[in-house]
Amino acid sequence: MERSLRNVPVPRSGSGGVMSTNLERRQQLSDPVGRLARMIEIREFEGRVKALFLEGTVSGTTHLCEGQEAVAVGLAAALRPTDPVTCTYRGHGVALALGCTPTAVLGEIMGRSVGLLGGVGGSMHLCDPDVGLLPTFAIVGAGIPVAAGAALTAQVRDRDDVAVAVFGDGATNIGAFHETLNLAAVWRLPVLFVIENNLYGEYTPLPRTTPISDLADRAASYAIPAEIVDGQSLDEVSAAVSRAVARARDGGGPTLLEMKTYRYSGHSRTDTGPYRPDGELEAWSKRDPITLYAESAGLLRELDAIRADVIAQLDAAVAEVKAAPAPPIEAMFRNVVAES
Amino acid sequence: MERSLRNVPVPRSGSGGVMSTNLERRQQLSDPVGRLARMIEIREFEGRVKALFLEGTVSGTTHLCEGQEAVAVGLAAALRPTDPVTCTYRGHGVALALGCTPTAVLGEIMGRSVGLLGGVGGSMHLCDPDVGLLPTFAIVGAGIPVAAGAALTAQVRDRDDVAVAVFGDGATNIGAFHETLNLAAVWRLPVLFVIENNLYGEYTPLPRTTPISDLADRAASYAIPAEIVDGQSLDEVSAAVSRAVARARDGGGPTLLEMKTYRYSGHSRTDTGPYRPDGELEAWSKRDPITLYAESAGLLRELDAIRADVIAQLDAAVAEVKAAPAPPIEAMFRNVVAES
Amino acid sequence: MTKLRMRQAVATALADEMRDDPTVVVLGEDVAEAGGVFKATDGLLAEFGPKRVRDTPISEMGFLGAAVGAAATGLRPVVEIMFGEFLGVALDQLVTEAAKFRYLSAGHYPVPMTVRVSVGAGVGFGAQHSQCLETWCYATPGLKLAVASGPQTAYGLLRAAIRDDDPVVVLEPRRLYPERTEVTTGEAGVIPLGVADVRRTGEDVTLLGLGGTVPTVLDAAEGADGWTAEVIDLRTLLPWDVEAVLDSVRRTRRLVIVEEGPFTGGWGTEVASRVAAELFGVLAAPVVRVTAPDVPVPYAKPLEERYVPGAEYVREQVGELISSGRLPKPWWEAR
Amino acid sequence: MTKLRMRQAVATALADEMRDDPTVVVLGEDVAEAGGVFKATDGLLAEFGPKRVRDTPISEMGFLGAAVGAAATGLRPVVEIMFGEFLGVALDQLVTEAAKFRYLSAGHYPVPMTVRVSVGAGVGFGAQHSQCLETWCYATPGLKLAVASGPQTAYGLLRAAIRDDDPVVVLEPRRLYPERTEVTTGEAGVIPLGVADVRRTGEDVTLLGLGGTVPTVLDAAEGADGWTAEVIDLRTLLPWDVEAVLDSVRRTRRLVIVEEGPFTGGWGTEVASRVAAELFGVLAAPVVRVTAPDVPVPYAKPLEERYVPGAEYVREQVGELISSGRLPKPWWEAR
Ligand SMILES: Cc1ncc(C[n+]2csc(CCOP(=O)(O)OP(=O)(O)O)c2C)c(N)n1
Ligand SMILES: Cc1ncc(C[n+]2csc(CCOP(=O)(O)OP(=O)(O)O)c2C)c(N)n1
Ligand SMILES: [Mg+2]
Ligand SMILES: [Mg+2]
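Chains as they are written, first to last, in this note's numbering: chain A, 1 to 340; chain B, 1 to 340; chain C, 1 to 335; chain D, 1 to 335.
One or more hints might be untrue.
The calculated lysine-lysine pairs, modelled on DSSO-like cross-linking and capped at a C-alpha distance of 30 Å, are [unchecked claim]:
1. Lys301(C) <-> Lys322(B)
2. Lys50(B) <-> Lys51(C)
3. Lys51(D) <-> Lys50(A)
4. Lys50(B) <-> Lys329(C)
5. Lys301(D) <-> Lys322(A)
Treat the hints as calculated values from the structure; they're not laboratory data.
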């Protein structure tokens, strides 16, 4: 008995300071202003990451999610911090939405000791057990079965957690997607499969790799419920997730949710998306999730003030991270295996 | 140009003797008596393999297909010998149907030099390029993408071959199934996916691993046509395969065919199928493919004579194999890499 | 002490851990209702019920990945991979996810998962169901790998693996499942990971076996004529017990490693290269790797029997090494 | 001779083979329209069209398996695996199917398939996109494995791989894609598989590099003080050029192998164990493996830079070996 307690993740201390902690930040999503602010934060955060990458301050790679903010925030708002989430390399937005601080996320992206993993992970590897974020995955599809496993824990240990796997449209063509949806259906696991259908896998548009256009249709192969969701509407995202979560907590098993969304930036690094047809980006920008939500929540007039606030905080975070040291060489030897 | 010719499989010499050659045997399927005789041959062959296994003459493992004869023979009858086929470890029936001689198949199962691979492969590894049989697969699902690749060759080289993957119901839960159907759909490959749905994957009934009962329904995920076929009716199998083959040769792309069938024996080796509900085997036996075909083809009265003939030939084959030597030690070093 | 077949020792270890720790669950194809195709999970469903003992679809990537997620969040799953080769459809979850989860979570999501894998030749299963494949796990920091060599090690290593807070692969040579010996069960039977076992003492040479080659090596030592061998069962390959092996070889000054897989790139290269480097100048003869030839595992019985190194062949190689001081040629080069 | 970046050398090799042989096709994620994420297939779609140059879904098992089937029936597919780790979701098709097809078809269905794989650290891609993973292909009779070390070898080995009648994996260290050197193209530029290349002659030690460590090793030899090194680019790991390495070490009597991956179980164990055994009594010092430490590849720049062995570190290790005759400690043990 005692031994198994070692499995329970140890809460990590927030990066503290005057900023809110990760759990406080999660709590802020219960309020419309908090949700709007978080979407703006993600947008502005990604802009800064792009600039830092282009100036050479961030090395390796980054995958930005501007345009997809409503999915991240709408999802996080409908979950509890104890609900485990797996996500991809395109995870900055989900991490921030779940509550990770900009300092901790940017710190990781820039490989600094203030990062979520102290800088040994990088942009594709974010993690924060306090808010349910399992290590994000750089392998397409790999997080899908892992989320099902987290749901298995809930089922076996009689917890009412619901696990969530967030992944892209392109990931629906990989074997792990198929195997996991089938397994989750057979075992009636409390898990949500959330597709961020942003129309592209890297530089290739969906129709060139996938013979159907509504990926939610694939749920029929596993007899599980599915919904197509307007991924640009935070409220619709939250509502759909809430419905699915309620069913799962109730023993009703898995759900597949297809969020129709769009990424404004290219796939990664310096990609600008030259493969996109003219006007596509503009058309999607007309349904920008931040504007849509500000409108529907009656917050259009507060928008500038909120943005100014967010920017001030982000600028402070950027400064903090830039001033932070890289991890010591020693850090690469930690957490390889259990200390004996 | 010349180099690529090395890719063309070199026809192997049949095992000869008074028996028909593999290509002659394939030709025999154009005749109803030939088809009936072949189904009986498979039934009787498997019975002999089982006995040889139980007496200890066959080592390792065997997977028998009694009850599934109409799928094997109906399929083979609707294909050309140049159409490439991938099949599983449960491949004795398909190999015999395609034309491999009983001596060559049993020789392989018994690890003798007269076997299809000279005895280095065993029961799970049969192969005969003359009749289109690629090496059979011991890994569930592995033959599915390989068949798609054979179809790719046809497409790129402008051949009108149609490739076929034969696999079990259980294999529809593995990633390779999903990935390949999607790929074949996107590329409109001339390939048939043939599910032998015999209701069990090893000792586990389908409903315990799969949340839907008609596996053909999974074709919708890839927007490809599918049919549910009475796998106990040779004529229906042949008709469905012929329709799908015609579409594929015509550039119409892949088809998924679900053959509803049943294996009379257990999964492998000494398994007797104790996990099957009472009466299930008896119910299926009432729709025995051999009897059904003899009836529909008006060959009931010829049945005994045909069987006697088949048995005589099989007994001769068993004797031939038993008398044949094991391969020399040297054989294990052949065909590892190209001889330089 | 009770007499157990290796497959029973596995089932007993599982049951003992499941009784001690309610978070231990068992997953795999046909492990529940059927008790495993090798009967190594027999009786578990009856005792622990369908929540903790689960048959899976044929979806190795799916259920191995589920085990990773379950382990990271509060269970100790034990997964059965029926034949080693099936890891080839699921390796990502083992080496790229599970092995790196602790690192990529700053220690917050360890993966206390055990993966039991049946391996090896000698039972006539052919080229795709007979390999050992230890090297698929090589060069993977974060992963541990133990190999059973009979009922006692199957029991003791498995219990240690389940208790370990990192992902551990336990290979079970399938031709040993029917082997029956006395087994110490309970705490006294648990075998710590990373510790080799000197099975027999001797003077002239250290014979190192792992898994399926341990019985062979003991046999070879037993029948030796003119020399005596210290026999070590390495038991754990990742991490392996460098000190125990060096200690022995420092005394015997000769090392012969017996492996069941192909020569090129086999697991023994790790041990051989390390020992040759650390004991340079101490060794009286080159380190010898007695292995199978570089071919896929052949099916026909006489070929498969020749493929797997046998006790007689080991004795010949050792004898030649000791008498000549030179590297003996393997049988397939002497052909 | 033209100056080419390594990624251009790859594209040129592909184009040259595709012109010579209409059965050569190229498959992979984003290899067609985008010309590859590393631009190593740039221009092929324009010249050879969509029938022969194909973007695939994200389905490594599916398209690698399709390549196996295509190769067995009359094409010579070249598959791009974008990052080495992705083989973890498709390994079965490579090692259990492709590598054994010739054997399991009595020679009738060889698999002349080439798998190009970008590998290695040094570009900040983190723990799941930075490994070399040569050992996943180890102990796999039937498979060949070559590793590019710059534009010329990328060109020459790839052409040989495509022409080879067996499945060949070609690893391309991704941090070398931008490297630009003179390249001999055409027949004269083809490099046979299985043949190592002596890049520099010297007397005191043989430095063996593979892929990404070849530039490091050349650099180390260049700046050596008080000793001279013979530098070998192994070029092919399966099968490796045993004779060339033995020849060199017979002369220098010292061997230092430089690897980019973790110490335990790295590819160098194969070479080290073989050389130590064959040249027992000839070596003047133990064979040294200079490697990365046994940790996942860290992201932060100073850590990643320390992780990958650099020229200076190689020189230190060699210097210590030569002066002391003893095995130098790796930097992480000296910490
Ligand atoms: C198994 C695997 N194959 C390929 C890749 C390379 N890759 C990284 S992201 C990506 C596109 C994924 O597209 P999608 O799933 O739609 O997610 P998005 O990036 O659009 O969010 C690819 C192919 C990978 N990381 N893992
Ligand atoms: C990847 C993989 N996993 C598991 C197995 C073990 N196995 C062999 S046959 C089989 C059942 C397959 O069932 P099905 O696909 O329905 O075919 P059937 O045997 O009924 O013809 C299993 C699980 C395997 N060979 N390969
Ligand atoms: Mg996408
Ligand atoms: Mg079945």
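A quick look at each hint next to the structure:
no.: 1; hint: Lys301(C) <-> Lys322(B); result: holds (14 Å)
no.: 2; hint: Lys50(B) <-> Lys51(C); result: violated (37 Å)
no.: 3; hint: Lys51(D) <-> Lys50(A); result: violated (36 Å)
no.: 4; hint: Lys50(B) <-> Lys329(C); result: violated (42 Å)
no.: 5; hint: Lys301(D) <-> Lys322(A); result: holds (14 Å)
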